[in-house]
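Assemble the whole structure, with the sequences as input and the hints as a guide.
Using my numbering, the first residue of the sequence shown is number 1, and each one after it goes up by one.
Hint data in this document are derived by calculation from the structure and do not stem from the laboratory. Among the hints, a few may not be true.
[To be verified] Here are the simulated DSSO-like pairs of lysine-lysine, each with C-alpha atoms no more than 27 Å apart in a straight line:
| no. | residue 1 | residue 2 |
| --- | --- | --- |
| 1 | K58 | K74 |
| 2 | K74 | K16 |
| 3 | K158 | K143 |
| 4 | K72 | K16 |
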Amino acid sequence: MYSRVENLSILKIYIKMDLHYRRFYYHLDKVRNNSIFEELETLVENIYTNGYLDIISKEFSKRLNYNVLAEKYKLQKDFYNNFVANRAGRVIVIISDAFRYEAVKELVEKLNLNEKMDASIEPQTGILPSYTELGMAALLPNKDIEISDDYRVYVDDKPIRDLKERIAIL
Numbered sequence: 001m002y003s004r005v006e007n008l009s010i011l012k013i014y015i016k017m018d019l020h021y022r023r024f025y026y027h028l029d030k031v032r033n034n035s036i037f038e039e040l041e042t043l044v045e046n047i048y049t050n051g052y053l054d055i056i057s058k059e060f061s062k063r064l065n066y067n068v069l070a071e072k073y074k075l076q077k078d079f080y081n082n083f084v085a086n087r088a089g090r091v092i093v094i095i096s097d098a099f100r101y102e103a104v105k106e107l108v109e110k111l112n113l114n115e116k117m118d119a120s121i122e123p124q125t126g127i128l129p130s131y132t133e134l135g136m137a138a139l140l141p142n143k144d145i146e147i148s149d150d151y152r153v154y155v156d157d158k159p160i161r162d163l164k165e166r167i168a169i170l
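Shown next, in the form of structure tokens:
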């Protein structure tokens with residue numbers, strides 16, 4: 001069942017679970033007196049967390065081969081050169097920590113209803129270790145990304161702690 005982790009098409013099977021989970025909470029928040037659904041919420045949360053996320057995360061991690069992914073998909077550290085540099089016209093990039101794939105897929109479908117839009121999703125091999133500041137660095141134009149002894153991240157010897165520093169690199 002999990003044997004082809006490097007082939008991201010297998011993940012399409014799990015998109016519906018995330019979609020229904022997210023929609024459950026969306027609609028639950030719309031109910032005025034949602035306390036009557038506490039038992040259902042507990043059941044949904046237990047199934048999603050323990051019967052789905054926990055199991056799939058462990059199996060995915062066991063079978064994930066970073067080197068195969070790095071060969072097959074573009075690297076996050078090359079994001080700027082692959083998607084932004086040398087583009088004619090406007091380029092809009094939406095980046096969010098933990099932005100669910102199924103939510104992005106739904107957004108892309110809605111954006112593409114507009115004939116003036118050309119939205120797409122393309123997987124990338126993320127940078128490790130995976131944490132926000134390093135991920136942001138990987139999205140900037142770069143020749144070199146470094147992590148100092150105090151875990152500060154530098155792009156081409158420049159700090160990127162705040163928006164002003166990141167804009168300076170652009």
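So which of those numbered hints doesn't the model satisfy? none
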